[in-house]
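> The sequence shown begins at 1188 in our numbering and counts up by one.
The hints are simulated quantities; they were obtained by calculation from the structure and are not laboratory data. Don't be surprised by glycine CBs; every beta carbon is placed ideally from N, CA and C. Be aware that one or more of the hints could be misleading.
[As the list claims (entries may be wrong)] Derived DSS-like pairs: lysine-lysine, alpha-carbon spacing no greater than 25 angstroms straight-line:
hint: 1; residue 1: K1207; residue 2: K1218
hint: 2; residue 1: K1257; residue 2: K1214
hint: 3; residue 1: K1253; residue 2: K1207
hint: 4; residue 1: K1222; residue 2: K1278
hint: 5; residue 1: K1283; residue 2: K1214
hint: 6; residue 1: K1222; residue 2: K1257
hint: 7; residue 1: K1214; residue 2: K1276
hint: 8; residue 1: K1264; residue 2: K1278
hint: 9; residue 1: K1222; residue 2: K1207
hint: 10; residue 1: K1218; residue 2: K1283
hint: 11; residue 1: K1253; residue 2: K1264
hint: 12; residue 1: K1283; residue 2: K1257
hint: 13; residue 1: K1218; residue 2: K1276
hint: 14; residue 1: K1207; residue 2: K1264
[Claimed, not checked] Just the calculated beta-carbon pair ranges, DEER-fashion:
hint: 15; residue 1: P1211; residue 2: R1269; range: 12 to 22 angstroms
hint: 16; residue 1: K1257; residue 2: D1280; range: 39 to 49 angstroms
hint: 17; residue 1: P1289; residue 2: D1239; range: 31 to 41 angstroms
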Amino acid sequence: MTVVAEVNLIPLGEGISVSKFLAPALKVIEKRGGKHEITPMCTIFEAESIEDAFDIVAAMHEAVFKVGVKRVVTTVKVDDRRDLERSMKEKVDSLKKEIREPR
């Protein structure tokens, strides 16, 4: 089954612009070849299991520390639906369809 997770990593005490601290965390997902979307506020990705999702989040969290950040706040949301296989794209498409063709 596909787990969809949202992760938000916040490097603290490193100034206003944090892109250079977050880039290594995004490379974690890219190296694993997982589907993901970067948004202005967070990153959303697909994983094969809840364990895989948390493993990816932990690796992303550590990647921020590896570039010299002293404090990181990480929040995670997980959508673990086990009755039906749904990708990130399918979830968005379903909502868009409902907007166009309300019941």
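> Could you run down the list of hints and mark each one as holding or not?
Hints, one by one, checked against the model:
1. K1207 <-> K1218: With a Cα-Cα distance of about 17 angstroms, the restraint between K1207 and K1218 holds, given a limit of 25 angstroms.
2. K1257 <-> K1214: holds, 20 angstroms
3. K1253 <-> K1207: This hinted pair holds, its Cα atoms lying about 12 angstroms apart.
4. K1222 <-> K1278: holds, 14 angstroms
5. K1283 <-> K1214: Distance ~30 angstroms between K1283 and K1214 Cα, so the pair is violated.
6. K1222 <-> K1257: violated, 29 angstroms
7. K1214 <-> K1276: holds, 21 angstroms
8. K1264 <-> K1278: holds, 15 angstroms
9. K1222 <-> K1207: Holds - the C-alpha atoms of K1207 and K1222 are around 21 angstroms apart, at most 25 angstroms.
10. K1218 <-> K1283: violated, 30 angstroms
11. K1253 <-> K1264: Roughly 24 angstroms separates the two Cα atoms, so the pair holds.
12. K1283 <-> K1257: Violated, at roughly 41 angstroms.
13. K1218 <-> K1276: holds, 21 angstroms
14. K1207 <-> K1264: holds, 24 angstroms
15. P1211 <-> R1269: 12 to 22 angstroms: For R1269 against P1211, whose Cβ atoms are near 32 angstroms apart, the range 12 to 22 angstroms is violated.
16. K1257 <-> D1280: 39 to 49 angstroms: holds, 41 angstroms
17. P1289 <-> D1239: 31 to 41 angstroms: Given about 36 angstroms between the Cβ atoms, the range holds.
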